[in-house]
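There are 2 protein chains.
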Amino acid sequence: MSATVNFLSLVEEDIHAVENLMQQQADGYNPDVGAALSHLLSSGGKRMRPSVTLLVGKMLGSDRQRLVTLSAAIELLHTATLVHDDLIDGALLRRGITTLNAKWSPGATVLTGDFLFACAAKLAADTESVAVMKIFANTLKVIVDGEVAQMFASRCQVNRAAYDQRIYAKTASLFETSARSAAIISPIGENYSEDIARYGYNIGMAFQIVDDILDFTGEQATMGKPVGSDLRQGLVTLPVIFYASEYPEDPAAQMLLDGRCIPEEREINRLVNEVRTGKGIESAMNEAKVYVDKAIAILQRMPASPERQALEEIARYIVARNN
Amino acid sequence: MSATVNFLSLVEEDIHAVENLMQQQADGYNPDVGAALSHLLSSGGKRMRPSVTLLVGKMLGSDRQRLVTLSAAIELLHTATLVHDDLIDGALLRRGITTLNAKWSPGATVLTGDFLFACAAKLAADTESVAVMKIFANTLKVIVDGEVAQMFASRCQVNRAAYDQRIYAKTASLFETSARSAAIISPIGENYSEDIARYGYNIGMAFQIVDDILDFTGEQATMGKPVGSDLRQGLVTLPVIFYASEYPEDPAAQMLLDGRCIPEEREINRLVNEVRTGKGIESAMNEAKVYVDKAIAILQRMPASPERQALEEIARYIVARNN
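Chains as they are written, first to last, in this note's numbering: chain U, 289 to 611; chain P, 289 to 611.
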């Protein structure tokens, strides 16, 4: 879609530099680790987080090389968490390519994720900013803590506060860090870092809500997982939270409101289809748009520039995308 | 033994502060993570690495609070790698207490290790030293790379160069970092950091050789694993390397020299017993003592102090210990 092309054109070259720098992190180490990294990078991915970092940094006059380093650190941190996530979930595909755990032993997969954490930490240190390092480490604590919470949390709960907390930990925290840390290494960033962190937070929240919507509305072939996979695992996301509040008389919704899991697959399928046809989806999408509007409003306080325009396009793209 | 008591008495209070700081890292996060951390810390362990950091730093006049922070970072990094190691190896006991993976699911264990990596990175950043951060991240890369190499390496190989590389990655690299990073944050450390890093390297190499000796000579009850467990997994350590060079006519040794695994358990048991009775052990222990002598010689270039004396005692303790 054209929105994508526009916001990426400003950072296309930098993204290549980021990808090269990521790949170089395995140079001089075990060739198997390098091969794993190549495989992970080959999937491409949307590179949303490094795009945010690069655009925020360029808008605020940060040094280009430090921005590339920082962006590579952020994308590798993200990649490392995905490697361990996919292992834990037993996922076999991500972005249409096989996951590491589909090809390698659990042990090798754990270690590859660890290696990527180390690479991310090394690149974060290479920004020469202690503040960036601290934010980085804290963000990883938040992300992992959220995963632990999700693992130990009761299933099948309609709980909006828990949902907000979960998507903050899972997604918005790293978007927030992508934006904030780019401001921190800028000569004028001090004036903007809290505002731009809120921009990152808001688009991150919207991004995860849309992901949770696409879990219902996407095609299995595109998403690489069954429709409604969250609900099938007992994970209640925003579309279902709204569906349950809008159709509390639906017996499946009632069960979730009572904190009970839906025992019959037939009933789960029915609920997935109800949501898929739009019920609950519209309210969830409106919520995502509210976050996006907040993000765009914050941008108006930033120096006008093509980068600011691109950051606005990223925000709009997040709710317009279909994968 | 008295040597232990002596070198620990100088840092006993600091070690308590280090343990408190480690435990605090889970405050405000999921209680399950805090419980896991308490469980891991309850085993005690020898706290060799933080003792080295504290003693080197005190000898070179480093700030006490930064040293405590740095020591906690190092011990948590070590703990995180052990959590993932034990998961990968399926170990059920360490230092006489149950491992996390013996109690928790693989997923929860992976995440706890990740959380500890994040805590270690946060504490390393709290030293406010970018140089420390870089060394830290690089050390983690070396440790994990070594584990990957070990995982993919051919089994049953008598290869001294590969052995040296493996024990550097596994153990000596973090001892080196424990010593070097304490010097880096000292006001006079620049003059001493390379020398003291060599001290750390040498005691680390000796430490792992002695661990590999204890794998044969230790009692199963003390060690928490069967005698000769490395060899049973096809891992050829220094005692076996020396045994094979001293008794090449032994058919089991011949197999290993040819790079073939010993197929019969009876033959493995016989080889373990041969080594256990001292063959190969003496040469391996002499090698460890050479490393210790080098470490002690390096200390003579350091400012004379009770801490320097304690670092010498640590070096001697490493080859005198029986667990």
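Do not rely on the hints blindly, as some may be mistaken.
All copies of an identical chain are treated as equivalent in the list; a pair is satisfied when it fits inside any one copy or across any two copies.
[Claimed, not checked] Lysine-lysine pairs mimicking BS3-like chemistry, simulated, CA-CA at most 30 Å apart:
1) Lys567 with Lys422
2) Lys422 with Lys334
3) Lys391 with Lys458
4) Lys422 with Lys513
5) Lys391 with Lys582
6) Lys391 with Lys567
7) Lys577 with Lys391
Worth flagging that the hints you see were computed from the coordinates, not collected in a lab.
In this text the structure is predicted, and so the values were computed from the model without any measurement.
Checking an output row: Lys567 and Lys422, CA cutoff 30 Å. Within, between, both or neither? For Lys567 and Lys422, neither the intra-copy (42 Å) nor the inter-copy (51 Å) Cα distance is at most 30 Å.
When Cα atoms must be at most 30 Å apart, do Lys391 and Lys582 count as within-copy, between-copy, both, or neither? Answer is neither: 42 Å inside a copy and 45 Å across each miss the 30 Å cutoff.
**Message:** Please sort Lys422 with Lys513 into within, between, both or neither, judging by C-alpha distance up to 30 Å.
**Reply:** neither (35 Å within a copy, 39 Å between copies)
| message | When Cα atoms must be at most 30 Å apart, do Lys422 and Lys334 count as within-copy, between-copy, both, or neither? | response | both (26 Å within a copy, 29 Å between copies)
Could you figure out if Lys391 and Lys458 sit no more than 30 Å apart (CA to CA) within one copy, between two copies, both or neither? both (25 Å within a copy, 25 Å between copies)
message: With identical chains, the pair Lys577 and Lys391 could be close in the same copy or across copies; at 30 Å between alpha carbons, which is it: within, between, both, or neither?
response: So Lys577 and Lys391 fail the 30 Å test inside a copy (39 Å) and across (43 Å) alike.
Treating 30 Å as the Cα threshold, decide for Lys391 and Lys567: within, between, both or neither.
Neither, since 38 Å and 42 Å both go past 30 Å.
Consistency note: the structure conflicts with the earlier hints numbered 1, 4, 5, 6 and 7.
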